[in-house]
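Trainee: With chain A fixed as given, assemble chains B, C and D with the ligands onto it according to the hints.
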Amino acid sequence: MRFGIITFPGSNGDHDALMAVRLGLGQPAELVWHTETDLSNYDCIIIPGGFSYGDYLRAGAIARFAPVMQAVAREAEAGKPILGICNGFQILTEAQLLPGALLRNASLEFVCDWVWVRVEQTHTPWTSQLARGARLRLPIAHGEGRYFVDEKTLGELERAGQIVFRYVDAEGNATPEANPNGSIANIAGVCNGRGNVVGLMPHPERAFDRLIGGDDGLWILASVLAVGLEVVRGRGGN
Amino acid sequence: MNETARWRAEVFVSLRPGVNDPQGLAVRDGLRRLGYQEVEEVRVGRYVQVWLQAPDVQTAERRIAAMCEQLLANPVVESYRFVIEPAESQ
Amino acid sequence: MNETARWRAEVFVSLRPGVNDPQGLAVRDGLRRLGYQEVEEVRVGRYVQVWLQAPDVQTAERRIAAMCEQLLANPVVESYRFVIEPAESQ
Amino acid sequence: MPVTPELLREVALTEDEYQRAVELLGREPNLVELGMIGALWSEHCGYKHSRPLLRRLPTSGPQVVQGPGENAGAVDLGDGLVVVLKIESHNHPSAVEPFQGAATGVGGIVRDIFAMGARPIALANSLRFGPLEESRQQYLFHGVVGGIGWYGNCLGIPTVAGDVFFLPEYRQNPLVNALCVGIAERHALIRARASGPGNLVVLVGADTGRDGIHGATFASVEDPERSHRGVVQVGNPFLEKLLLEACLEVLQTGAVVAMQDLGAAGLTSASAEIAARGGTGIELDVAAVPRRETGMTPYEVMLSESQERMLLVVRPEGLERVLEIFRHWELHAVVIGRVTDDGMLRVLDAGNPVAELPVRLLTEACPIYIRQASESDAIRTRRAFDPDTVPDLSVNEAPRALLVLLRSPNIASRRPIYRTYDHTILTNTVLPPGQGDAAVLRVKGHRFGIALKTDCNPRYCLLEPRLGAQHAVAEATRNVTCVGAEPLAITDCLNFGNPERPDVYYQLVQAIEGIAEACTVLGVPVVSGNVSLYNETEGRSIPPTPVIGVVGKLSDVSRHVGLGFAGEGKVFLLGPERATLGASEYLACLHGIVAGSPPDLDLELERRVQAMVREAIHRGIALAAHDCSEGGLLVALAESCIVGTIGGRFRVDELVAANGRLDRALFGEAGSRIIVQVAPGAEGVVLALAHAYGVPAFELGQTGGDRFIVDGIVDCLLDDLVAVWRDGLRRE
Ligand SMILES: Nc1ncnc2c1ncn2[C@@H]1O[C@H](COP(=O)(O)OP(=O)(O)O)[C@@H](O)[C@H]1O
Ligand SMILES: [Mg+2]
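Chains as they are written, first to last, in the working numbering: chain A, 1 to 238; chain B, 1001 to 1090; chain C, 2001 to 2090; chain D, 3001 to 3732.
Okay, chain A solo, but in the shape it has when bound (with noise of 0.2 Å):
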């Protein structure tokens, strides 16, 4: 499965998503400039974490109008898996790809630490290999991650089925002391209506090797390759 991973000015997790895409999946990966137009080459598309135009404004303001975001919107219309990670997250909500938005910290501090989420829904490409509940040791490392959304949508989303990830403890409890962030009923991802399109602040393509603490983001970013699997079978593969 060919991975692009989009790069803004500013990206900063690019080269770390295309290494785990390489050297922890096994997969070819390639980085897409933010100029780029055309991503039908790609069989999904990553938008890491970073500083995109410095996060100046607002984290992925200005990002979302790069050229590039026309090709994201109409590839996830056309129900491509798109995993937008950390700053990947905010340009996806900024653009209204994804519900919600990201604010500042209730600490006001950015937070680098390793966190537990609990994996809330397994309809999405990027989720389909793990199990409801299911929980994952993840590094967090952002300064604008308290997600936002208004009550009336917050029912909405809960019904739809679009809260992919919360922040919990180490017994799987989604508890105020393990929201890193004051994020709104702990949400740490959600996805579009449709569910291919996922949004989440900590970064799985850091988690790709117990050398460096862990590598339960395999399991989010291996997932997509069974949804590829199935892609080609339908195509009339073996």
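FYI, nobody ran anything at the bench for these hints, they're computed from the structure.
The C-beta atom is built at its ideal place from N, Cα and C for all residues, glycine as well.
Do not take every clue at face value.
[Unchecked claim] Footprint (simulated), chain B over chain C, 3 or more residues, beta carbon under 8 Å:
| hint | stretch |
| --- | --- |
| 1 | 2004-2014 |
| 2 | 2052-2058 |
| 3 | 2074-2086 |
Mentor: Coordinates of chains B, C and D with the ligands only, in the frame set by chain A:
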């Protein structure tokens, strides 16, 4: 644009009521600790000054409103307000 | 304080002229890329709203000025300006 | 032009220095030239007090690929790779605007690393403040930590190590030292030497504004706050990220002859330095320099310290390709001049000459000062204090003393700091901050890894600078050893007061001697560094603070250990059994006394202890290792239990007997001490190893359970220790 003038817009962006503003809380607490007990509430937003060319104030207003909608504010969580005045030309 | 009223101050903090404002540059370039070619310069600062109790507007002004000096702005790189108006009491 | 005393003060030249310049030049310099000479003859650029002293540092070794003199030092790692390292201070700017001051400090040191053609892979920082109880110190602390985090996080370079110390003497003069480490292919290292007359000088990055004019002289004058408001700069890490990527890409073209970052004294310093190293001259036209502000004079353009700019020397035939790459990264790059063969730095303004100075006058003719050195009586008196005159600790008071120390800002958990630094980005961080005595990073595709740490106990240095500096080298290398790495090289940052005062000059001389001695015995060369003098306000100077940054190599990165006890096992103390209360954290925290003589240091023993611990880790018989530093033995044991989330039961009666006092045994400090947890069954091997290396070893006890027990002295829940240690840096 053959006949234009120079304008300065001041845009005030703030979080919508109902959206938590931890920075406002922190500033409020900081002020109280410094002895400003009379402070009841603080909200922190963005103050953006934009200098632009436009033939008339109506056009300038229209353009600034569009910039706010598109980029300067995020309608999901923020509201904005602006004022425009002529700027001395450079 | 036995006879006080409620005031709302709007404080506008911006970087002093001449101080590099990378955020302003990024926003300016962003706006231009979006087609707002008429934008000449952008500077991004803070917009702080403070609700406070004070017996009269002079006191409110004096207090707000002191808060700006002490906490709301860093006089080394920033300048500020504020307006005060009566706020409806809570 | 009338040369008034005010004018000379403005450019920070003395009357004598001015006369020297006139003599060398054979005429009076004009205003632009005077500004240029003043900037390059400042302490910051010219090292006029430290240069002769720095010659005493050992700088060579088989591993050294590049010693001092370039933008950064470089050391061989094997497999064709080198590690590049450099530390730098940003003390004065941080005192005035802590957030931006610290942020731009990170920006500067990162540029030094990629100017060598190395990709930056990690950052560290060494910080000093006044007492954290004071609100102004909290403001400085939060500002500095915030600025460091912001810049590094935004750039995407992990900040993985550092050290912090709080002492009243830093109240007016906080210290902010930033260290960056990069990796390069040995053959691709680039030097900042402008060679090849006719080659083009290209300026790339931020537009030039009136930022920090005279920042270099400012950093060499006392009391920044009063005299130099308004020179603060706002950093742009986003632009720096583009610059970093673009510069590394441009080097691949082979068209770049030299690269130099613009730091203190801006274009003047950058162009003079590359010309001096290349033995050439340079001609620039300031009219070509892109400006952020209108109406700037040539003087301002030449001395502006606008951040995020680099100077390159490019072969004409490769120019188009180079500019093309910069365009791709959306950066401004322009040709502003060319290399000449006449040894002159010539500045034009739209073709009209505005300055013409011999390069050597700027760089090599800088006056050198050797000052009177004498120790202050006050310090001699303080050192003579006998800690035995304080009453010994009673057994009942020991648990409380332990809690007081664990809560001390000099000992408490650093998590509130490093949690705000991205330390997982780049996916190389094997031992993150807080987990080991040094950070460990892997190098993808290679078996080896590298370790990194900074250290300096300013109390030791205050009371006895030479010994204190030796301790700094010993502690930093020991920390690197404690994760299993062999110390490879040192980068040092010498933070001192005004060297024109005999007592400060004495400290400087002594500290440099101390570093030199320790480096020699431990076999670790100094390959780069930085000097920051005049750190004083109203005649009150900071304690001498020679910060030592060490980079080490693990031949097999998977063979590392952390500082936290890993499950159950026996614990040993390696190193001297006797400790000292003089200059200790214990005396300061429990008795309010900063006096006495720091622990003495047997550098030979230090070398053996470190070698032994590295071997134990390498052979897999040490499961954890932790250096005993501030707070002494009991604090070190508690820290290893806390980080390992496992209790333990220990006994120290032998040590109490040997030390003659309970407080000295429990909380006294000493060099060359490491506690190790030994793999079950390997206790005999460790003792044999200790014997073979001539290292004293004492069995301390056994880990396990959820209580922290020292027989007859302390018995509490480990969680009670965690609670105070965790929040010691949090003050509201
Ligand atoms: N300013 C800092 N930035 C990042 N990490 C830091 C900083 N200060 C301390 N640390 C980390 O916290 C841990 C404890 O540091 P320190 O107390 O200096 O250790 P030691 O006493 O063993 O030298 C180390 O992992 C160190 O790298
Ligand atoms: Mg310590």
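Trainee: Give a verdict on every hint.
Mentor: These are the hints, each one checked on the structure:
1. 2004-2014: holds (count 6)
2. 2052-2058: holds (count 3)
3. 2074-2086: Coverage by chain B is violated here, the residue count being 0 at a Cβ distance below 8 Å.
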